[in-house]
Amino acid sequence: MENIIARLLQDFEEGKMNRRQLIRNLAVAASGASMVGSVPLSGAEGTPVKVTKINHLSYRVANYARTRDFYSGLLGMKTSDDDGKEKCSLAIGDLHIHVNGSKDPLHDVGGKSVPLHTPYVDHIDYDTESSKEAIVAELNRRGLKSQAKGSSFRIKDPDGFDVTLSAKR
Amino acid sequence: MNRRQLIRSLAVAASAVAAGGLTPSAVAAGTSLTPVGINHISYRVANYAKTRDFYSGLLGMKVSNDDGTKCRLGVGGISIVAQLGEDERTRRTPLIDHIDYNMDNSQQEIFAALKNHGVVLEHGINHPPSNKAKAGSTSIQVKDPDGFHVTLSPKK
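Residue numbers (this note's numbering), protein chains in the order written: chain A, 1 to 169; chain B, 170 to 325.
Treat the hints with care, since some could be wrong.
Unchecked claim - Computed list of lysine-lysine pairs in BS3-like fashion (alpha-carbon distance at most 27 angstroms, straight line):
| id | chain 1 | residue 1 | chain 2 | residue 2 |
| --- | --- | --- | --- | --- |
| 1 | B | K231 | A | K53 |
| 2 | A | K78 | B | K284 |
| 3 | A | K156 | B | K324 |
| 4 | A | K50 | B | K219 |
| 5 | B | K325 | A | K78 |
| 6 | A | K168 | A | K156 |
| 7 | A | K156 | B | K239 |
| 8 | B | K325 | B | K312 |
| 9 | B | K231 | A | K145 |
| 10 | A | K53 | B | K324 |
| 11 | A | K132 | A | K53 |
| 12 | B | K312 | A | K50 |
| 13 | A | K53 | B | K325 |
| 14 | A | K85 | B | K312 |
| 15 | B | K312 | A | K78 |
| 16 | A | K53 | B | K219 |
| 17 | B | K324 | A | K78 |
| 18 | B | K312 | A | K87 |
By construction, these hints were calculated from the structure, which means they are not laboratory data.
Model the full assembly from the supplied sequences, consistent with the hints where possible.
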């Protein structure tokens, strides 16, 4: 807890947050600690959602066949789920790169539709040891917005990268 | 080629596709390299500490090589390397700078395969021109057809 407060104060002193944000974050830290004992907002002390491995990376590209041929041709990656139109999966060990051709001219960024520029890594998907309910509870506790799709939850990391968390099956 | 060679080549290509699911271009290009896994995914971010705390705090990823400016975040044998951009391109954050593959090939084999596939070597930020690799670095950097930076780390 002290580490969290020290970090918050340091951010405040360095001008990374204003007084109102400091107060709010201290309040959230205090309420979080009172609810779950001494679970911190961040840091290695608490690991409520335990990821086991990266399941796949999702690529958005202009021409999926060109990407497929490069990775299968040069790197020998095994192609699967190739629909012959716009997507396929490329395997390296037990990790996959999902390649999706861009069909939408617009992309949703923070609720706004902006022109789609390829290539980009759409998201990275993590397998977890946590149940669906545990993931929901932890995301709510941290105030992280998510989009649920089955047992997978899509969130944004602090930099804006999309991350999906797949619940244990 | 003559008619007989044409028939033979077509038969070889057809059997390879049927047997291994290889793409026609892969068959035509010949040699493939052998990646054994992804070593790391390089993130360029505005504040590496914020990224570190998110992935270690929420997802329990193991922090290593934290030097106060960058760190590695481990999960299942793969690392995400979080660091600030070093030039105009990589300061545009957030950015996945490159994905590094561990290869089961020697540096010479990789160079030969790249040449065979017509893939041009790239200059990198962490990885200098690959044919003039700095001491201790054997990684070879290329761009995939979409422009993603890919580094290939030869077998040691």
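Right, here's what the structure says about each hint:
Distance restraint check for K231/B and K53/A: the Cα-Cα separation of roughly 12 angstroms lies within the 27 angstroms cut-off, and the hinted pair is therefore satisfied. Restraint check for K78/A and K284/B: satisfied, since their Cα atoms lie roughly 22 angstroms apart, inside the 27 angstroms limit. Distance hint between K156/A and K324/B is unfulfilled; the C-alpha atoms sit about 35 angstroms from each other, more than 27 angstroms. Distance restraint check for K50/A and K219/B: the Cα-Cα separation of roughly 19 angstroms lies within the 27 angstroms cut-off, and the hinted pair is therefore satisfied.
A hinted pair counts as satisfied when its Cα atoms are at most 27 angstroms apart, and K325/B with K78/A qualifies at roughly 24 angstroms. For the hint linking K168/A to K156/A, the alpha-carbon distance of about 20 angstroms falls within 27 angstroms, and the restraint holds. Distance check on the hinted pair: K156/A and K239/B sit about 20 angstroms apart at the alpha-carbon level, within 27 angstroms; holds. Of the supplied pair hints, the one linking K325/B and K312/B holds, its CA atoms being roughly 23 angstroms apart against a limit of 27 angstroms.
At most 27 angstroms may separate the alpha-carbon atoms for a hinted pair to count; K231/B and K145/A meet this at roughly 24 angstroms. Note on K53/A and K324/B: the hinted pairing holds, with a Cα-Cα distance of about 23 angstroms set against a maximum of 27 angstroms. Taking the CA atoms of K132/A and K53/A, the gap is about 17 angstroms. The hint holds against a cut of 27 angstroms. Between K312/B and K50/A the alpha-carbon distance is near 33 angstroms, which puts this suggested pair outside the 27 angstroms criterion.
The straight-line distance between the Cα atoms of K53/A and K325/B is roughly 24 angstroms, inside the 27 angstroms bound, and the hint therefore holds. Distance hint between K85/A and K312/B is fulfilled; the C-alpha atoms sit about 24 angstroms from each other, no more than 27 angstroms. At most 27 angstroms may separate the alpha-carbon atoms for a hinted pair to count; K312/B and K78/A meet this at roughly 20 angstroms. Using a Cα cut-off of 27 angstroms, the hinted pair K53/A and K219/B holds, with the two alpha carbons roughly 21 angstroms apart.
A C-alpha spacing of about 20 angstroms is found between K324/B and K78/A, which places the hinted pair at or below 27 angstroms, so the restraint holds. Between K312/B and K87/A, the direct Cα distance comes to roughly 20 angstroms. Compliance with the 27 angstroms bound is thereby established for this hinted pair.
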